Amino acid sequence: MALPPPDPQFVLRGTSAAVHTLHFSCGGPEPDIPLLFSGSENGFIHVWNLKTHRVDTALDGHGRKSVCYVETMGGKDRLLSQGRDQRICLWDLAEGRTSVTDSVFTEHVGFCRCSLLKVAQGRWLMAMAARSLEEVQILELPSKTSVCTLKPEVGAKLGMPMCLKLWQLNCGSQPMLLAGYEDGSVVLWNVSMGKALSQLICHQEPVMSLDFDSEKAKGISGSSEKVLSIWSLNEQQNLQVYKTHELINAGISDITIRPDKKILATAGWDHRIRIFGWKKLKPLAVLDYHTATIHCVSFSDHGNPRERLLAAGSKDQRISVWSIYAQT
Amino acid sequence: VCFIPGGLDCSISFVSHVLGKVCVQGRQKEILGVLVPRLTDLTKSDCIWQRICWRLVECVPDRWMEAVILGFVQRAPGADVLSRLLGNLVVKNKKAQFVVTQKMLLLQYGHTTEVLQNLLGYLSLESLRRTLLLRVLQELLETWSSISAVKHSPAEQQLYISKAILICLSHLKESEIESCRQELLTSMMEGVKCHLDSSLPQLRHLGMVVAESISLKINTEGPVLKFEYEEDDEIRELKSLLVQTPPFCVVPSLPDDDRSEKAGAALPLVPEGNEKPHTAAPVMPDEESDAELDSDDDLIPYDMSEDKELKIRAPVYIRDCIEVLAGSRSEDVDKWEATVKALESLVRKNPAATREVSVELAKILLHLEEKTCIEGFVELRQRAQVAVLTTDPIPVAKYLTSQFYSLNYSLRQRMDILDVLVLAAQELSCPKFHGKTKHSGAQKPCIQLLRGSDSSKDWRRIVDERIKSKTQRFDMGQSRVELASHPNKFNSVAGHFFFPLIQHFDRPLTTFDLLGEDHLVLGRLVHTLAILMYLAVNTVAVTAMGKALLEFVWALRFHTDSYVRQGLLSCISSLLLSVPTERILADMTEELLETQSWLGDVLEKDPDGDCRRLALQNLLLMENLKKKLEAIPS
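Line by line, the protein sequences are chains D and U. Throughout the first sequence, residue numbering follows UniProt numbering, covering 1 to 328 in sequence. Throughout the second sequence, residue numbering follows UniProt numbering, covering 1 to 634 in sequence.
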């Protein structure tokens, strides 16, 4: 007899706006407090203290325009946030400061979240949608120099880039970018050469979100339709469809694979979080707590596996935090 | 073989005379049937014979020239042959020029497309004649763009002129188009305006096709005019005329081509990339043989039986529906959608509750605009309106008819009111329409009833049905009894539907003038009245309605719009079918006699074919009436 799905371990309230992005920062050594960063539609970034379940700091850097992405850059003292005010801000949060040290003007008016990849100590690559409709720009941070611009072929009609993921097989190999586009295709780009290596049409509708497991060379993408598409990368760097999974309700906003590559979570428009096994995409759980569409899901980076958490942010302005399959 | 010019002249002119006389007597077919093929062969390569042929036609006396030219143009197998046979006759002979450039194109319209092709091709083949071609095009365009021509000339003539214009356009060279680009543009603008103003869909389509073709020719780069319309055989034929096999290979583009964006599989950017079509067959994974045994098995799934499809629940009470639809909260669009979809069935299931709020609901529905993109929104709204109207006919009809004549409604809304009234009347008077009729998702479901291009067929069928129903009534026994009780529903309200609509038609408002610009709505109003009249058979008010309708028709009988006239004639048909014979004869004799003479006029002189057909039908119905009267022993 299967157990009923668990309840959230706790729920964070107080953003007073829909939550669009979440990022955990719990990997620090013991005296450090585990934190959760959340970006909301009212332009605020809240730093949640996961011990007290309260907001420690609220950062206001996007002119009250919705924040669509937050990520830490090497520790909780440096934060990157992207907002719909067409800016990407770099924050310095050390020692209680809350200042924006630098910003990049993206001129992008869409909803595409940028993607960060650490390539060397103190150096990151960031992929972001650029001003021109179909292009993706790669910048090096913190120098903000442009590495390349990835332009699809003329007449390719991919539409806007919807979601991006920078990855490299291991430190020192060539960085690659997986981009999901408005026409439902996923394209693999080689960043150093600035060329596209492979393209796969995964969905009939725009690709809303994707995630990739570089060890197994397998990725998953979700769209506004009822299908999850799992694809793989073969030795010739070609994308192939591996499997598809049909959902009960249409619409996926976010997909994320847990760092240990055992399970993945999807954020659904039907207010539910679904957990699948990554190996064979076996449905494991449906977490039904929220009362409006869920915008983002995120796994924590706790050092101790038993403490691992999953957080989901929703339009109903709440962040639910779950402890699920933490024992394995 | 050489001929002596002197001797040649005499004999040729004699032959011309004979040819002319035979043709004018009506024997073109016989003589040209022999002459033309022979001449075609002879003139193929021999220019002496060509010249002989030219002399032949040139010597035909003027009074017989028309018949000869007509015969040649109709008989010649192609424009080049015609060119060989006639030479520059049109340039040299005034009568020939008149026949070819004016009479056959502007004054006659019975010739086939091949004849047109021959004629205009002939004009285009020689530079001397090309000036005539340009002149012809200008005159055709003048006719095409004149308002009075569009309004008063028959549809067949307009089709003919459109074909001629398209063929001319196909023959024009770039330089010629350059020189008359400005005039082409001006005529196109004027012409397309008059055509789009017309109430008949066929004329509108003609205007659209020709305007598109002209625009294509004068703007070879840059945006081209494109209209949206459904293609039928006539339009396809028209468009094919724009293509000529020698130099012009311009194919006019079809308007619905742009919807193929989804299909386009984008090519892989590197040749060896292979792409599989979306989500179809999964490539079979061979993971079973993997060394790492499913550590997934450690993960035990939770109970997922609660995971069901997400349904947005629609409100269950009418008043809740009103709140959702009238509320300005833009947030709950899902609920709004669900309400719109569920409204009709709710109204039908709760008649008592609906009656309490019927007018309010009608008001909300009349002003309801599409908030999100629902499929079939227009139909859903219309069905809800019909449901409300049939549940509480009198107050809602009062409201709707008063709104029809109020300020600040769009034409679309006024026509919606008429459609709803008709559908509700149908439902009230004839129960088998209730709920079972499958409106096939077309935006205007009752256009079929109102605007069938073979309306005569419809009416014949209806007349037959009516006669059949009258004779079978006593045979069918019990099932008929059930049917007989239903017309009562419309009986009590027929007047409420009908009279308010007919009352104010001659009072113009600032935004709505039935007798002026808004003749399209007038046409629809007249057709609506015809249907209401037809459905009012066996009601108490039918005689009063008949009288009022006769007066209305009489006032409008000379209206210039043929769609309105068709509607007026349908009104007369309905009247004759619905009002009992005794009442017609008792109360409306003089009016009927006047109507009969008017119908005779229409039958002879009306330019529109459908009007003439309907007039004939009405006269036949009147004859039937008379016969029936004579059959009844008094």
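Since the hints were derived computationally from the structure, they do not count as laboratory data. All values reported here derive from a predicted model rather than from experimental measurement. Don't take each hint at face value.
List time: in silico DSS-like cross-link candidates among lysine-lysine, alpha-carbon distance up to 30 Å [as the list claims (entries may be wrong)]:
1) D:226 / U:193
2) U:371 / U:489
3) U:311 / D:315
4) U:308 / D:279
5) D:243 / U:308
If you check each hint against the structure, which ones fail? Those not satisfied are hints 1, 2.
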